[in-house]
Each structure stands twice: as C-alpha cells, then as structure tokens.
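Trainee: Chains G and A supply the protein sequences, listed in that same order. Per the numbering used here: the first sequence = residues 1 to 402. Per the numbering used here: the second sequence = residues 1001 to 1439.
These are computed hints drawn from the structure, not numbers from a lab. There are no misleading hints in this set.
Covered stretches of chain G (in silico footprint by chain A; criterion: 3 or more residues with CB under 8 Å from a CB of chain A, positions within the stretch not fixed): (1) 16–26; (2) 285–292; (3) 295–304.
For each residue, glycine too, the CB sits at the ideal point set by N, CA and C.
The lines below spell out each chain.
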Amino acid sequence: MELRPILSAMLRNKTGAILVGLQIALTLAVVANAVFIIMQRVEKIGRPPGIDSDNLFFVQSYGFGPNYDHRDTIRRDLDLIRSLPGVVSASSINGIPLSGGGSATNLGASAVREKQTINTNYYTVDEHGIESLGVKLLEGRNFTEQEVQYNPDASGPQTTPFVIITKDTARALFGDEPAIGKTIWGGADQTSVVVGIMDNMLGAWVGWDKLTQVMLMPRIQAGPLARYVVRAEPGRRDALMAEVEQKLSGSNPHRAINYVRSHTQIKERSYRADSRMVAFLSVLIGLMISVTALGIVGLASFHVNVRRKQIGTRRAVGARRVDIIRYFMVENWLLTTGGIVAGSVLAFAFGQWLSSAYSLPRLPPSYVVGGVIVLWVLGQLAAFLPARRAAAIPPAVATRTV
Amino acid sequence: MLAYYFRIALKSLRRNPMLTALMIGSIAVGVGVCITTLTVYRLMSGNPVAHRNDVLYAVTLDSWDPNSPWRDEHPERPPPELTYRDAETLYRSDIPDRKVMMRKAAFVVEAPPKSGVAPFLVEGRTTTKDFFAMFDVPFQYGAGWDQAADDTSQMVVVLSKKTNDKAFGGANSVGQTVRLDGHDFKVVGVLGEWAPTPKFYDMNNGQFDEIEELYVPYGIGTQFEMQSAGNTNCWRDQQINNFQDFLNSDCVWIQFWVELRDSSKRAAFQDFIDNFVREQKSLGRYERPLNNHLQQPDEWLKVNEAVQDDNRVLVGLSFMFLAVCLLNMIGLLLAKFLGAAPLVGLRRALGASKSAIFRQHLVEVGVIGLGGGLLGIALAALGLFGVRHVYENYNELTRLDFTMVLAAIGIAVLSGLLAGFYPTWRVCRVQPAAHLKTQ
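Using the sequences plus the hints, can you model the full thing?
Mentor: As structure tokens, then:
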C-alpha cells in the first residue's frame, strides 16, 4: 500500500492535517460525553414507575367557606367517580408520585432511633389505594375499610397502626428478614405494624436516590384540600378526565376544582429538566457531527480540485480509478485515526473533569469506542464523494496547461 | 481602498460558493448554539435585585439535626428557612432598617358574583409589610399595607396583575373586596408586571416559579390556621397534634430577609442572631455548631445553586462546539487561501505589498465573520424558539435582547478574525516567484 507518498503529502501540509485532526479529536471528546449524559437521562426517564401510570389521573379540589364539609365532600366525590363507567378504581390520596411534591418521614426498625432511620415517602390512601395506583401487592394484605381513619388535624406527619411498604423500604429497614407483622417506629412513641409488602413504586422526587422507599398509610387527611387518584380502563382516561371535571365542578358550590391532570402530564413535567438536556445534547451532537462531516467533505473536495493535474498525471501513467479513490480514502483514514487517538485521550480527560466537577458517573470506555467507530465510518463516508469525483478526472488533464 | 478589498472579497467568496457557504454556516451554527445556551444561562444566573444587592440579606440559622446536616453534600450550609418561633423572635429586633418574614399559602378566590368567574385556587403569600419596599416590587394601582394592618392582621390584600386581570378584568380594583377562603378582603394594591428570575426571595419552593398571585398580612395565615403551601422540612421527633404544636415545632418553613444599610448594622445584626442562637443552645436547641448567615442576594443565589449544573455543562459544551466550528473554518480558509496562492503570487509580482495582501484577505475573513454572525443570530432566535417549547414559566424572558445580539456579532467577527488570522498570515508569506514559474 502506498502509505509513504500519502504521508509525505500530508507532512507537506502539516497545519491542514493538524487542524482536521484537532477537529475530529474535539468532536469525539464532546460526542462521547454528551451521548453518555443522554443515556443516563434516558434511563432515568424510562424507569418503570411501578404504578399504572398510563391510565391514571389525579383530581385536586379545594374547599372554602364555613359550609364546606371535607369528609362528606370526599365521600360523595369518590362515590360519584366510582360510579362512572370506565373507572377501574379511585382513592383519596395526599400526594402524587413523581410530581416533585410530597411528604416524607423518618422510619426506624427499633425504638432506639438515633441514626438508624430511613427517609420514606408516604401516601395516605383508603382501602382502594393499592388498586387505584395499580401497584402490585406482593405479600400480606390490603387495608380494610375499617382501618381507614379520618384524621381530624392535618398538621404534621403521624403514623397509622397499619402500613404497607415497598420491597425496598422493607429491605432498608429489616434486611433480608421477613417484614410482615414487624413493627416500625415513626416519630416519638408512634408505631405501625407492616401488614403488606408491595412491589417497588417510585415516590415523589425524580432526583431522589431513595425514590423507591415508599409507604402507604390508611388515612384521609383533613383540611381544605382533597386529592383523588383515579384509574381508568385502558383508552378511556381522557374522556373520563373531562367527565369527572365537569361532574365534580357542578356538584358542590363550596369548593373549587383546582385541576384534573393525567399522570403522564405530571410525570413529563417532573422529568422536564432531563428531557430538556436530552433534547439540547441531541441537537448539539447532530450539529457537531454534521459540521465535522461537511468540513471533511469540503476540505477533501478542495484538495481534489487543487490536485486535478497531479491526479490526471497519475491516471496517465497507469493508476486505476480505484487507486485514486483508495488514495483519498487512506489519506482520510490516516487523518481520522490521528484525530481519534488524540480524541480518546481528550474524551477521558473531559469525562474525568465532568465527573469531578459535577459529580457525574465516570465515562465508560464503551462510549469512546462507539464514538471512534462512528467517526471512522463518518470520515470514510465523507471522503468517498470527493474521492469518486477525483477518480472521474480523465488522464488527459495531465497534458493540458492550467 | 476598503471598498476595493470588499469587492475582491465578494468575488473570491463567489468563486467557491460551496466553500463559502460551509464557512459562513460553520460560524453561524457555532455562534447560534453558543448564544442560545448563553441566553438561558444568563437568565438563570441573573440577579433580579442587583440594584439592592448591597443592603439586602437573607437570614439563615443552623437549627438542623445535630446528627446530620441539612445537605449531606454541603455540611456547611444551614437550612434556607427558619422555624416559625425563631422568625417571630428575630422579627422583634429593631436593628434592621427593614425586615420581612413570609411564607406561602393557598387561597380560593371568589370573584364578585356579577363577574361570572367560577371560584379558583391561587398560590398566595402571607408576608409582613416591608416585602414590597425591600424587593422594589412595582405597583400598577395602590400600594402595600401599613404597620397597623400587620399588627392587627387586617383583611387587606395585594393582587398580582394576573389575578386582577382574571377577577376584575384588569380594572383598578383598589377599594373593592374579594372573597378569599370565604372572608372578605379589601384590595389595597395591584402589582405591575413582575417576574423576578430566579425567584430569589424564596429559593426552597420552585426557583423558577412565577410570583405568588396575591399577598396578605403575615398574621392572617396564623389566624386562619393555614397550612404552608410551600415545602415544610422537619427533623426532630415531635408530637404534633394541632396547629399550635406545628407553629412551636422545629420544622423550617419561614423565609426571612433584612435590609441593613451600613456595615455597623450588619455587624450588630450578626451579633444579635449569634447571641440569640447561643441563648437557645443553653435551652437545649441548636445543637449544631454556631453557623448563622446574612447573605446578600448574589451570594444567596450562588449558594442555592440557581444555575443548575446542567446549564453550566451545556455552555461548556457549546463553546467546545464553537471551537470545532472554528477549527473547521480555519482548515477550509487555509485550503482556500493557499489554493489561491498563484493568484496572490501574481498580484505580489505586479506590485501589491504584503500588507495590502494581508488587509485584503482580512477583509474577506471579516465578511465571512459578519455573515456568520448575522446568520448566527437568526439561528439563535430559532434555537430560543425551541427552548421556549421545552421550558415553561419564563417564555417572555427567553428572547434575544440587545446585549445578546451584540454578543453574537462580537463573537462571530472576533472568532472569524481569530480563525482567519493564521491562514491570512500564511498566504502573505507566499513567494511570488514560486508561483509564477508554471504560469
């Protein structure tokens, strides 16, 4: 292979080669890290929520004035919602999973609570809570209607006698021991017995590292605020949302229906910062690859134009078309490879800096390897068009002057 | 002469339209991306009360759990809010020139029956009177309330422009009544357009949220036993059985700011809060080391991480992208200029001086930079249009302003010249003789 003449031609134009190499190196460094960030965010957004997210919607009502009866309002609202065709189940609930807002409390596995507590995101529901959220009960039992207490004072977290906790909460509290029937301590002198273990569901705050530590308590909170979770049959959610909003609004003059919102919409809002980052970075990567590819095409085309006479001469003395194409492809391959070597180092250095400055995970080598392959292919593709044009230069060019 | 160079430049640019388009496009996307991320960054890192930065202070006390700090990753930071009890005590100090304690609360608004507007829920703020003066809040109609209204928790209300538009159709509603949670409140003021971004005065409840939709005296929240509509953070095991228990608890949920117009007052108030905490320590509270802060808005915004890491990473990546675009352009320019070396040789032989060649090529580079800058502004506008779709709340603010347009042109021309300098220098060194031989 004619590496030597290609190399010496490149050395004659060192600056040009270095510029392309640097460009490829920077592209590799940015693309590898950006793709890595994107993948982390995509993974985060795609975590299974553990609840029947697609078919859920939430309603918030806010009572006012002296004639507002909170307990009665909740009872009548839920009766009305449950009677609508297409509703699988509905429950009162104090917060909304993955909404960014919620309540948490510290729980301990023993009365000696110093430093042995875990933070748990809790939801107060009624006996329909499990079914309405669509979370799977793994062990134990659901709450009964009698266990659901109406809490006359809404201030402050207090535990209920019975609770259902997620798998991860049980593991955090009791390790591998069975948790059913065990007592947990929350707040001073307040104990609860675990009656059920449910599959993991995601709690309120998308950025929280203990997102699967969730607990359900059988309670209806007092206060002006009432929230409901409604689970619809597949495909009927949107129609039901409109129907529920309209029926509830007209049913009680002492409150305002604050919103009726699908869980899809709530979830999307919470992940917006992440989806935004994905969108931004994708555009950036797209532009960067296009600019680099177009740059290679432009530069190669230009070189072809400048070397028309030289190419013609080579053809005249017996070089085949494929030799000309190969010349340009190999030249490009050498440039790209030089850039890639520098780029790999740069990518890891950049990844290292990102992970230390912004406490992100370290860049795995696979992303750099992926980037290397993409740039090799891209470089060859970008060089192919000009190379083919070069091959089309007739040998007769050699005999012409200018 | 400049006009002549300009004509040559255009002619030269027209000779390789593909290459020219690539170079201008390259600068344009680089500038467009940078200006887009910079605009967002600037928006998030802005200080909406910069003009009062010297006198305003956010007050924080470290009342948190002796066993674990407020933020594990930043153990030096106290919680951003105070307990109800502590806020009440600090508010009694007469050292500050002005002071405000406040928190969020939700209200149902009933518009006058004749308006036909259904009752609606709004986010409100209960606050002491100095809120408006301290933060330089603009009024469309009327004004805030006075000390007497604070002292006796009078039912007076200041509406945001949005609420007034909704309930009163934007008319001057001062003197009218609105029903809030079933009680009649007298409107004393209506705010003008106000969108402090980030929402510096309450950084623990949505840093980029809109302002509250109405404002009532602080005491109203206590009198009506209204729960906080913002975050409430607690750490101590305390029996909370009623609202009074909650007020007495060590939960933090009250924002507290002071205005201190000179350094002696600042020192005096720092002493005051430190002494207060020492006194509390002797009563068994405040078990963490003494860690009380008076922070000016710019420091406050920094500590509370208003500029998210994401945005910083994006700005960094954008500039790396611009670097790639520039490298791209240098490569193309170099190839192009050196490709035209025979022509330069000819012109040199005909008597053009080196400096003339230099200036002529620099003009060409400048034209490319300017073209890239203008196109870059268009691309940035397009980029921000996209940004408005993925951000909410501050649509109006993510627009290109005059500074950013200037910055765009500046970055483009500067980077164009920077990128063009080396190729231009190279082409000036062309030896006329070397290129004349083959002609």
